[in-house]
Amino acid sequence: MALSDTLEHYVLLSSLIFTIGGVGFLVRRNVLVQLMSIELMLNSVNLLLVAFNRVHGATMGGQIFAFFIIAVAAAEVAVGLAIILSYYRLKSTVYTDEADLMRH
Amino acid sequence: MTAGDLLFGLCAVACLAGAITTISAQNPIRGAMGLLTTIFGIAGLFLILSAEFLTAIQLIVYAGAVVVLFVFVLMLLGADARAPARSGRSGASRIFGGGLFALISLFALISVGGGQRELTRFGTVGEAHGSVEAVGRELFTKGIFAFELASALLIVAVIGAIAVARSRQGAVRPKKVVRSPRDLFAGPVHPRDAGRPLSSEGAE
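Chains as they are written, first to last, in my numbering: chain A, 5 to 108; chain B, 422 to 625.
Derived by calculation from the structure, the hints in this document are not laboratory data. Glycine included, each C-beta is placed from N, C-alpha and C at the ideal position. One or more hints might be untrue.
[As the list claims (entries may be wrong)] Stretch by stretch, here's where chain A covers chain B in the computed footprint (C-beta under 8 Å, at least three residues): (1) 482–494; (2) 519–525; (3) 543–557.
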C-alpha cells in the first residue's frame, strides 16, 4: 500500500480540510477566524486541483487553475482585512453578533 | 513505506492538526499559526505531487504575505480581537449549522467512496511537469489573457483595500455606540432637553 501515489488519499485529505474550514466558518463568531476558515477551504481546493492534475499528467491545467486561485485569494484577503479594519473602527469589535443593524 | 509515504503522512497530519487549531483556538494568533502549519503541509504535498512552482508560490504568497497580513491585523486590533463578546445569543443555531454541514459532507464522502475498492494510482509524468519553465510557458501562451486579468484584479484590490481601510481624519464624529435599536429613537423630545441625557447611563 502506497500512501503518496494514490489519488483517493488526496481527495480524502482535501475533503477533511474543506469540512473543517466550513465548520469553522459557520461556528466561529470572530470575523478574522472566519476569514482564516475561508483560506483553509481555498487551500483544500488547490490541493485537489493539483492532485487531479498529477493524474492527468499530460496537461498543466490544474496547476494553472491553482495559481489563479492563489492570486484571487491574495486579493480577497487584502480587501477582507480592510473591511474588517473598517468594521472595527465602526463597532470597536470584530464579532459578527454585533453587526445586527442596517445603519450605524 | 517509502520516503514519499513518510512525507505524505507528515504533511497530512500537519494539515489536519493546523486546520483544527485554526478553527478551535480561542486566541486568533494561535489560529494564524495553525493556518501557517496547514499551509506548510499543503506546500509539502505539492512537492510530492511534482508541482515545484506551486510549492514556491504557496510559501511566498500564503506563508509570506497572507499569514503576515493576518498577524499584522491581529496585532493592530490587540486584545479586542480575542475579547469575549458581550452577547445574549446562544450558540445553538451555529453549532447546529456547523454540525449539519459536517454531517452532510462526511455522508457525501462515504456515499461516493465507500464502495470503491480499486484505487487510482498516479502514472509517471515527465521531468518538466510542474517546473517553473513548464508552468510559465503554459501561463504565457494559453493563459496570457487570464494572467493580465489577474494583474488588473490585484491592482484594483490593493487600491480598494487602501480606500476602505483609510481612516477619515477630516471628518471626526462623536462616537456613538448603538447597543440596541431603541437607542436610535431615544433622543430628547424638546429642544430644552437637548443637553441633558435621558438616563444616568448616558451621563458622562
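query: Do three or more residues of the stretch 543–557 of chain B come closer than 8 Å to chain A, measuring C-beta to C-beta?
result: holds (count 9)
Discussion item. For the stretch 519–525 of chain B, count the residues whose Cβ lies under 8 Å from any Cβ of chain A; is that count three or more?
Written reply: Holds: 4 residues of the stretch 519–525 of chain B have a Cβ under 8 Å from chain A.
For the stretch 482–494 of chain B, do at least 3 residues have a Cβ located nearer than 8 Å to some Cβ of chain A?
holds (count 7)
Of the numbered hints listed earlier, not one is contradicted by the structure.
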